[in-house]
Amino acid sequence: MRIKRVHIRAFGPFTNKTLDLAPGMTVIVGDNESGKTTWHSAIYAALCGMRRRAGMTNEARDFIARHRPWDGNSWSVDATLELSDGRQIEMTQELDERIDCRAVDIGLGRRDVSSEIMFEGSPDASRWLGLDRRTFLATACVNQTEVSEVVHSASELQEHLQRAAATAGADETAARGLALIEDFQREQVGLDRANSTKPLRRAIVQEAGADKSLEAASRAHEQYLVQLEAVEHLDSEALSARHKLDILNAAAALRDSQRATTRVYRARSLAAELEGEQIDLEAMQHATDQVSGAIASWNAAPEPEALTGPSSADLARDLSALPPAPTGDLSPAATVVNAETTWRAASRAVEAHSAAAPRQPPPAPTSLASTELRELARDLSVAVPAIDPTLEATHEDLKRRLSTMPERRVNVPLLIAAGVIAVIAVGVGLNTTPIVLIAGLIVSAGLVAAAVRNSFGDSRTPLLARLQENESRLNQARLVADTARGTIADASARIAAAGLPRDPAQLLTLAAAVEEVSAATERWRQWEAANAQHVRAADVAVSALRAALTDRGYANPADLESAVRDYRDACGARARIAEQAARRPQLERELEAKRNAETARDDAMRRHVQAMEGLAQAARAVGIAADDPTTTLAALGTWQEANRERLALGERQARVRGELATVLAGQTVPDLAIQAEEARRLAEALSAGHPTDEVLALAQTPILDGDLGTARTEVESAHVAAAAARGELKQLSGASATVATAEEVLAVAKAELERVRRLSATLASTYEFLQAAQERVHRDIAPVLERTLREWLPRVTSGRYTDASVDPELLVVKVKDPAGKFREADLLSQGTLEQIYLLLRMALIAHLTKPGETSPLLFDDVTVQTDSVRTVAILDLFHEISRERQVIVFSQEEDVSRWADKSLDLERDTLVRLNGEGPAA
Amino acid sequence: MKVLHFADLHLDTAFGWAPPEVATGQRQAIRAALRRICEVAREEQVDALTCGGDLYEQERFTADTAEFIVSTFAELHPLPVLLAPGNHDWLGPSSIYATARWSPNVHLFAADQLEPFELAPGQTVWGAAHRAPANTDDFLHGFRAQAGGLNVGLFHASERSGFPQQPTGKEPHAAFSAYEISAAGLTHALLGHYHAPIDGPDYTYPGNPEPLSFGEAGERGAVLFEFADDSTYTRRRIKVAQSALEVIDVDVSGSASSQELSDRITSTLGARKGIVRLCLKGEVQPTVSLDLATLRYVTRNLEFAQFDTHDMRTAYDFDAISAEKTVRGQFVRDVMDASMEEDERRRVLVTGLRALAGRDDLEVI
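Note that the protein sequences, when read in sequence, are chains A and B. My numbering puts the first sequence at residues 67 to 987. My numbering puts the second sequence at residues 294 to 658.
No lab work stands behind these hints: they were computed from the structure. Remember, predicted model here, so these are calculated numbers, not experimental data. Each residue gets a CB set at the ideal place from its N, CA and C atoms; glycine is no exception. Accuracy of the hints is not assured; some may be wrong.
Only pairs whose alpha carbons sit at most 25 Å apart, straight line, appear in this in silico PhoX-like list of lysine-lysine [claimed, not checked]:
(1) 70/A to 83/A
(2) 618/B to 916/A
(3) 660/A to 278/A
(4) 968/A to 70/A
(5) 618/B to 880/A
(6) 916/A to 70/A
Restraint-style ranges between C-beta atoms, simulated for each label pair [stated by the list, open to error]:
(7) 857/A to 612/B: 32 to 40 Å
(8) 541/B to 950/A: 55 to 63 Å
(9) 823/A to 574/B: 20 to 28 Å
(10) 308/A to 506/B: 29 to 37 Å
(11) 541/B to 308/A: 36 to 44 Å
Some residues of chain A that are not near chain B, with every Cβ distance over 10 Å (derived) [said to hold, decoys possible]:
(12) 176
(13) 231
(14) 249
(15) 671
(16) 804
(17) 829
(18) 839
(19) 840
Please take these sequences and the hints and turn them into a complete structure.
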């Protein structure tokens with residue numbers, strides 16, 4: 067793109083002014099207030115226009131304030147452009163309302179092409195460059211401040227590059243943007259750590275708290291519902307209990323009503339009975355009792371009969387004549403009688419045993435026992451067996467034959483010889499030929515067979531066996547004979563020692579004699595033992611009899627026989643006296659009975675007299691003249707008969723009066739009637755609404771009062787339980803937070819947490835995209851910058867710097883110095899740094915411009931801070947650049963003017979001098 | 294027979310979109326709506342007040358609310374109040390229905406099958422209850438009104454053809470088809486469950502009388518019926534709402550600053566009070582730095598304001614930016630090419646461009 071002409075209709079102080087711009091380099095010089103800034107802004111405004119939308123930025127307001135026409139004309143500026151594709155464009159920018167703004171293609175009959183470049187509501191020619199009015203200003207327009215910043219600030223060059231890479235210089239660097247996101251994330255989101263106070267953690271904590279609160283509220287509501295149900299149940303039970311009590315009360319009232327009615331009827335009936343004559347029952351009863359008592363007494367006291375037999379005095383006399391009862395046995399005591407019987411039997415037994423005594427036994431013929439004698443006789447009779455002579459002869463013969471037979475053994479020398487031959491055969495055979503080995507082994511084997519052969523098949527073996535058997539039998543026969551001889555010798559020795567004959571027959575005879583003496587001796591010993599027993603029994607019987615007599619008063623009697631007799635006689639005498647004395651009890655009883663009968667007779671006589679007097683008194687009391695008891699008694703009986711009915715009437719009247727008093731209980735019959743009526747009404751009221759049959763049935767129940775008590779207790783318990791449950795329910799219903807409120811608090815907390823999480827996700831995502839974009843763009847732009855520097859740097863530094871590099875990560879620029887060493891551009895001289903910066907600006911605008919287009923460059927007083935040498939160097943650079951793109955330089959410096967006069971090529975460059983009224987070529 | 298019918302009051306419901314203090318106010322407004330319904334019933338001298346369920350919410354109701362309901366209906370005595378429990382206020386052992394001491398004028402339909410209540414000779418209301426929060430069968434299935442004269446149904450159920458018109462998340466309960474009403478011998482069905490009002494030929498959903506959420510369309514409230522002896526009827530909707538949840542669009546197009554945008558909101562709201570959802574619409578300049586604190590300040594005179602910025606865009610020329618060979622251009626290209634939700638893409642783009650512009654208002658609302 068090339069700007070051919072700018073025409074100001076009205077812009078700042080100017081009206082209707084035109085500025086023609088050269089295709090190469092246009093240098094516009096003028097002093098302060100000459101209008102350089104106005105033209106610079108007019109070119110920009112004619113090219114890019116202003117946004118046409120509601121709202122306005124501060125920059126826009128500032129622009130308007132500075133460049134609105136001073137004379138109030140319509141604010142407007144035009145420009146004629148030539149695009150790289152050859153199209154001739156006329157831009158018209160009406161800046162007041164920004165309505166009449168357009169771009170027309172002059173070559174196409176002024177066709178409106180504004181739509182190609184509309185940006186924020188108005189045509190912006192920088193859109194053909196791939197820029198917009200902000201980025202064009204940031205990239206294509208270079209002012210003195212920017213250059214100065216780069217020169218005087220070590221990091222500004224890199225910062226500028228990064229900013230240009232990020233936003234074409236219009237805004238911040240990507241790094242700054244990323245840092246802002248990080249800061250924002252840190253402050254407005256934060257980490258989910260326990261000690262964090264940032265929004266994310268706060269929101270999480272709040273949500274958890276709200277969640278717990280909701281859980282608690284829901285739980286409380288559940289408890290409330292459960293309690294509500296329980297209260298309802300208990301109320302229902304209380305109601306049921308109340309209903310039951312009401313029915314029982316109705317039944318009780320009905321029963322009471324029935325009783326009251328009955329009472330009234332009864333009282334009225336009793337009162338009716340008492341109407342008429344009233345009998346003095348007490349007086350009548352007293353007279354009746356007196357008459358009855360007198361008659362009864364008379365009947366109970368008849369005249370007593372006369373007594374018979376001896377009198378009590380006679381009987382007392384007989385009793386005093388009786389002897390006293392004797393002391394001692396009246397009959398022989400059983401102990402004496404039994405001892406006597408035993409004593410007599412024992413004496414008879416001793417006598418009988420003495421009469422049957424045996425003859426005394428003679429002495430024994432020898433001291434040896436009969437069994438020993440019979441054993442000796444048997445031993446002496448033992449026969450000694452003879453030894454079979456053939457056994458001894460055979461034995462001797464076998465011994466002799468054996469002694470003549472040789473013994474056979476293994477031939478040891480032959481074995482040794484066989485071993486030697488075998489060793490030699492092996493030794494030689496292994497070293498020479500197998501035949502020697504085999505032959506040697508065969509010979510050795512033959513020798514071994516010969517040596518061993520003699521040890522087999524010994525002929526002495528059968529003889530030796532027979533000899534052993536014969537010798538065994540011979541030895542057994544010898545042992546039997548020797549034993550018999552020993553027995554006989556032992557028996558002979560014992561017989562000799564006892565001095566007895568060595569004849570078995572005599573010994574047997576002697577044994578029989580010894581056995582006879584032994585039997586007589588045994589019989590005598592048994593008699594003596596029995597005799598001693600009888601004597602001891604007789605002695606015991608004597609002692610017992612003596613003791614029995616002593617016990618009955620006969621101590622140490624010399625003669626037992628007479629003592630026993632005396633004792634028996636004494637017993638008989640005492641028995642006769644005792645018989646006399648035994649009559650005393652009978653006489654005593656008869657005496658007492660007689661005395662009692664005499665007393666009873668006297669008492670009966672007295673009662674008879676008294677009854678007679680009572681009868682007379684009773685008769686007098688009832689007005690009967692008493693002549694004698696019999697007449698009086700009859701008269702009284704007649705009287706009793708006559709008064710029995712009145713007495714019964716009096717008694718009935720008394721009973722009725724008593725019952726009436728009980729029924730009335732201190733009240734009157736009308737009182738009872740009123741009460742009965744009241745009870746009836748109450749029963750009727752209480753029964754209302756209840757089944758009549760049930761109430762009637764319950765009223766008849768004998769345990770109604772008990773049921774009533776139970777029912778009242780149940781009602782009270784049910785009401786207490788229901789009241790307690792209701793109190794609990796009231797507590798539960800006063801829960802601090804309702805479920806709905808808790809849900810709402812949770813919803814707010816969740817919304818806040820969701821907002822923070824969404825913000826976090828957005829920031830993270832943005833950071834990621836931005837970082838990736840930065841890496842990508844830096845990677846793309848770094849080679850472009852490098853290429854530009856390599857191409858231009860040697861030219862503009864007269865070969866001093868020949869190479870350059872740009873770090874794709876941070877866009878750090880390094881140049882190769884004459885020593886061949888790369889140095890960071892920040893460290894170079896200000897002039898070189900200015901040149902590098904301006905080259906990079908050119909490279910950036912080239913890079914950021916749409917392919918196929920070139921953007922003009924506008925420089926505004928960029929050399930005002932530089933010395934003459936650097937100014938020339940910069941202008942030379944611009945001139946070089948203007949070969950590729952249009953360059954427009956604004957300056958107030960004379961050095962620039964001079965350079966222009968000298969260096970510009972008027973074919974393609976131009977110098978414009980401003981004088982405050984407009985351009986002057 | 295003259296009947297005032299309402300349903301879906303949802304006493305003690307939770308307002309998840311509102312902060313607790315605002316929600317508490319809304320719950321009070323629901324109570325006031327019930328009082329207003331009772332006033333209308335008295336004023337119109339109806340023969341009965343009917344409720345088609347969801348009078349309250351079993352999971353949330355308070356003892357205070359139970360007392361309020363009982364006393365409110367008791368004040369109508371002797372005017373009959375007929376209640377048909379719904380799925381939110383299902384009749385369980387711990388429900389208000391089962392545990393409250395109702396005044397004699399209140400009749401509760403407690404069976405899960407339609408049962409009659411004779412308002413007057415020849416005028417019968419057939420009602421039923423939900424006995425569980427879900428899985429309630431079609432009340433009309435196999436049902437035939439036995440009484441002669443006028444027969445009206447009262448229950449909480451989902452008419453199948455109306456279900457698609459209901460908001461997302463609505464569950465069908467005791468679903469039935471409209472033709473079942475006449476087949477059952479009912480002149481009309483007074484219903485509850487659908488919050489969006491429906492005036493069908495044989496049935497009526499009154500809708501929630503008091504607003505429960507933003508954007509509720511249709512004329513909701515109580516419905517006054519007058520049934521003639523020949524089973525014809527007139528139907529008139531009566532507004533009883535005590536509060537309003539307004540949705541207001543604010544055109545913020547072209548705003549270049551938060552102040553300019555705030556002015557648009559202030560201008561649109563005027564002297565309006567109450568609870569409002571503000572839908573900010575249009576394209577604002579990238580320079581606008583908008584945050585929730587600013588919006589809350591601007592709407593401080595409202596009882597509560599909710600903000601919807603889904604239709605608000607920042608006027609970045611993404612096509613132009615994406616043509617740049619800059620990091621910014623690369624960033625926009627990458628984000629535009631990435632697979633993500635459009636709203637998230639918008640947030641990422643604006644956040645990134647703000648960061649590159651050196652701004653620290655990086656949260657996009």
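Notebook entry, point to check: Are all C-beta atoms of chain B more than 10 Å from that of residue 829/A?
Noted result: Check fails; 7 Å does not lie beyond 10 Å.
Check: Are all C-beta atoms of chain B more than 10 Å from that of residue 231/A?
Finding: 6 Å, violated
Next item on the list: Would you check whether the claim that residue 839/A is not at the interface survives, using Cβ distances to chain B and the 10 Å cut-off?
Entry: 4 Å, violated
Checklist line | Non-interface claim for residue 671/A versus chain B (Cβ beyond 10 Å) | finding: At roughly 99 Å from the nearest Cβ of chain B, residue 671/A sits farther out than 10 Å, so the non-interface label holds.
Note to self: For residue 618/B and residue 880/A, compute the direct alpha-carbon distance and say whether it is at most 25 Å.
What the structure shows: 23 Å, holds
Next item on the list: Over 10 Å to the closest beta carbon of chain B is the bar; see if residue 804/A clears it.
Entry: Since the minimum Cβ distance to chain B is about 6 Å, residue 804/A lies within 10 Å and the statement is violated.
Next item on the list: Take the C-beta atom of residue 541/B and the C-beta atom of residue 308/A, compute their distance, and say whether it sits inside 36 to 44 Å.
Entry: 60 Å, violated
Checklist line | Given pair status - residue 70/A, residue 916/A, alpha carbons within 25 Å | finding: Answer holds: residue 916/A to residue 70/A is near 20 Å, not above 25 Å.
Notebook entry, point to check: Is it true that the CA of residue 968/A sits at most 25 Å from the CA of residue 70/A?
Noted result: 23 Å, holds
Note to self: So if I understand the rule, the pair passes when the alpha-carbon distance is 25 Å or less; does residue 70/A with residue 83/A pass?
What the structure shows: 14 Å, holds
Checklist line | residue 660/A paired with residue 278/A [C-alpha distance capped at 25 Å] | finding: 119 Å, violated
Item checked: Least C-beta distance between residue 176/A and chain B, which was stated to exceed 10 Å -> 26 Å, holds
Hints 3, 10, 11, 13, 14, 16, 17, 18 and 19 from the list above are not met by this structure, while the remaining hints are.
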